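*Asks:* In case you want the letters, here they are:
Protein chains: 2
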Amino acid sequence: MSNQNKNINPNFKKANRIKLNAEDLTKKLLEGNKMQLSHALSLAESLRSEDRKIIAKVLSNYKKRKTKRIAVTGPPGAGKSTLIDSIGNHLATQGKKIAILTIDPSSPQSGGSILGDKTRMEQLINQENVYIRPSASGTEAGGVSAATMECILLSEMAGYEYVIVETVGVGQSEVAVSDLVDMYMLVVQPGSGDELQGIKRGIMELADLFLINKADGDKLELAKMSAKAIDASKSLLHPKAHGLKPQTLLYSSETLLNIDKLTAAIDQFFIDIIDNQFYEKNRNSQMSLWLTREINKSIIETVEDIPQIKELKSSLQNQINNSEAFPIEAGGIIKQAIEDIFKKSS
Amino acid sequence: MSNQNKNINPNFKKANRIKLNAEDLTKKLLEGNKMQLSHALSLAESLRSEDRKIIAKVLSNYKKRKTKRIAVTGPPGAGKSTLIDSIGNHLATQGKKIAILTIDPSSPQSGGSILGDKTRMEQLINQENVYIRPSASGTEAGGVSAATMECILLSEMAGYEYVIVETVGVGQSEVAVSDLVDMYMLVVQPGSGDELQGIKRGIMELADLFLINKADGDKLELAKMSAKAIDASKSLLHPKAHGLKPQTLLYSSETLLNIDKLTAAIDQFFIDIIDNQFYEKNRNSQMSLWLTREINKSIIETVEDIPQIKELKSSLQNQINNSEAFPIEAGGIIKQAIEDIFKKSS
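Chains V and S, in that order, give the protein sequences. Note that the first sequence covers residues 1 to 346 in my numbering. Note that the second sequence covers residues 1001 to 1346 in my numbering.
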């Protein structure tokens, strides 16, 4: 009876595996199949090496194109989702294909704002040209992992030329997301200089475009003042690697103020960085960065599994529990141990 | 001539080294010397292994005491600095010794808010019982590193019984800082439910105390509503590891509303967690975490220096530059290479 069960289960697994076949998945992706794209993104985010191998195979069919990867970041309440809704809708009606990936780092278990609903992209949900992935949060601290880069690549394989990566709320992802995209858009709501203080120089220095959102009704005048404050502080920022000066634009998701200027600014930015070769250089260095991270992760996992290192680690742990040592000394001890093992092998 | 120079330089270095002698530094720290504490913190944050060795020696004299490590976090504009100024002043006049360490993660080069001044702790600056370290930002992403933990330990060696760790602005440090402290205080300003949306569940779940700051004048009524909104959302949070329910308090740095309640709440929190042994357990697991991080850092640095791994990494780099591979495959290749080297040695 239990033997029979054993026979049934492997068959079940095989049936599942056929469903996940890399060639079929690649074919479906290249056809732009949304359901299979969602499936591929889940595999990319999976921790099972089996799943990641399928994605590695799928990605071997990735062809470089001049896609546009854009981060939309900003403090909570800046109206990022409605902004993406309006601009995405505008682009989609022009026949452009847009994928929207949301990164939500601060609560791996639960995700999302505690008092808020998740999706305010009402117009986009029914757009054929738009793919929305509500939470592409990685499994690593910061919510941005190599898997997020793979999600971008997979979306592009499925034909999406704009990939918008939205960071949700206050989070660690605001800096990390810059390692994924070509263009960094910082969205703020109209506010006094005092409120703009909250936007850190580090974030400001990432911005390729400052968007003052909600520039409508009562807030229009305040928005203009905010634009001036931001423009004034730009002189304090280091020059960008691509050599272009970040623009400041007023915007309103309600009145669609400057929507044409905004899409034109995005397109012009890409023309300029492709032209001056920043686009290519930046993508290469991003790939190098992800390579380094993947390598480092693998180094740690593999070395920690070596019996001598495992033992040493648990002895250090004991010493620290007994207050006989502090972590500050551990690095040197581990280094010595690894070097000793390698000396023996060479 | 060049030989003479060689003779002079080592002497110079020796003279410097005498200044940094671990025993003398320990003695000065235990006497509570602020200048030498600053010096010790700089050594802890230094990347030179020589400096870190001195700190390891100094820390070997660390004696466990029931100190209070408190994080003060919250969105920009919540008034964290003035809050710390008023509460620190209150405690200092009661004869308590307080160290304040500020973590500013988002701009490693420049630090600080772009439009703001750094220190609004006007009362504290002249307090004998208070030590302020304006930026204890680590060298690692997130601004929180093992060095920050060492800074806490060194401050405690210098006699500070309250160590307040303030995170500056929107940043990755808000989650990371919870690995450093016993008590996590989340400061918000009075706002509507909509604004409170911006406070992520992940951050709310860290909080041991919710402080609604600026509860004065016009804002008092709004502050009361905010308190209700927070209290309502508490039911959605997972229970805390220490089993205590997080309190909500209104506060004003101007009118000092509830200052006695606040300090009493802090003291009671510590009595309770010492009593139920969370205090000890939590500190042990924090130390384990820092141990793991130090070990991982050392593993990467040491293994990356092994010639075979170095070569392999650069070959993977080339393949990625030529779009022949994606980082997703690198992990498995590196794992195999490390295992092969270790098999030879055993």
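Please keep in mind that the hints were generated in silico from the structure rather than gathered at the bench. Note that the structure is predicted; figures quoted are calculated from it, not measured. A couple of the hints might just be wrong.
Claimed, not checked - PhoX-like, lysine-lysine: derived pairs with alpha carbons at most 25 Å apart:
| no. | chain 1 | residue 1 | chain 2 | residue 2 |
| --- | --- | --- | --- | --- |
| 1 | V | K313 | S | K1027 |
| 2 | V | K28 | V | K57 |
| 3 | V | K57 | S | K1313 |
| 4 | S | K1313 | V | K281 |
| 5 | V | K240 | V | K297 |
| 6 | V | K344 | S | K1335 |
| 7 | V | K245 | V | K234 |
As the list claims (entries may be wrong) - Cβ pair distances, simulated, as ranges:
| no. | chain 1 | residue 1 | chain 2 | residue 2 | range |
| --- | --- | --- | --- | --- | --- |
| 8 | V | K63 | S | K1343 | 36 to 46 Å |
| 9 | V | Q94 | S | K1344 | 56 to 66 Å |
| 10 | V | D51 | S | A1241 | 24 to 34 Å |
| 11 | V | L237 | S | K1063 | 41 to 51 Å |
| 12 | S | H1238 | V | K63 | 38 to 48 Å |
| 13 | V | E324 | S | Q1268 | 47 to 57 Å |
| 14 | S | E1311 | V | N318 | 31 to 41 Å |
| 15 | S | K1344 | V | E304 | 13 to 23 Å |
| 16 | V | T263 | S | N1126 | 21 to 31 Å |
| 17 | V | L237 | S | P1134 | 42 to 52 Å |
| 18 | V | Q336 | S | K1281 | 39 to 49 Å |
| 19 | S | E1311 | V | L256 | 52 to 62 Å |
Unchecked claim - Partial list, computed: chain S residues near chain V (C-beta under 8 Å):
| no. | residue |
| --- | --- |
| 20 | R1052 |
| 21 | I1055 |
| 22 | A1241 |
| 23 | L1244 |
| 24 | I1295 |
| 25 | I1299 |
| 26 | S1314 |
| 27 | L1316 |
| 28 | I1328 |
| 29 | I1334 |
Glycine included, every Cβ here is placed at the ideal spot set by N, Cα and C.
*Asks:* Is it true that the C-beta distance of S/E1311 to V/N318 lies inside 31 to 41 Å, as the hint says?
*Replies:* holds, 37 Å
*Asks:* Hold the hint about S/A1241 up to the distance rule: shortest CB distance to chain V must be less than 8 Å.
*Replies:* violated, 14 Å
*Asks:* Taking the closest Cβ pair, is S/I1055 under 8 Å from chain V?
*Replies:* holds, 6 Å
*Asks:* Measuring from the C-beta of S/I1295 to each C-beta in chain V, is the shortest one below 8 Å?
*Replies:* holds, 5 Å
*Asks:* Was the hint right that S/R1052 lines chain V, CB cutoff 8 Å?
*Replies:* Status holds, d = 6 Å.
*Asks:* Mind checking the alpha carbons of V/K245 and V/K234 for me, to see if they're no more than 25 Å apart?
*Replies:* holds, 9 Å
*Asks:* Lying within 36 to 46 Å: is that true of the beta-carbon distance V/K63 to S/K1343?
*Replies:* holds, 39 Å
*Asks:* Check the following: the C-beta atoms of V/D51 and S/A1241 are separated by a distance inside 24 to 34 Å.
*Replies:* Holds: the Cβ-Cβ distance is about 32 Å, inside 24 to 34 Å.
*Asks:* Are V/Q336 and S/K1281 spaced within 39 to 49 Å by their CB atoms?
*Replies:* violated, 31 Å
*Asks:* So, S/S1314 near chain V? Judge it on the closest CB pair being under 8 Å.
*Replies:* violated, 10 Å
*Asks:* Under 8 Å, Cβ to Cβ, is where S/I1299 needs to be relative to chain V, so tell me if that hint holds or is violated.
*Replies:* Result: holds, 5 Å to nearest chain V Cβ.
*Asks:* Holds or violated: are the alpha carbons of V/K28 and V/K57 at most 25 Å from each other?
*Replies:* Cα-Cα ~14 Å, so holds.
The structure shown violates the earlier hints numbered 1, 5, 13, 16, 17, 18, 22, 23 and 26.
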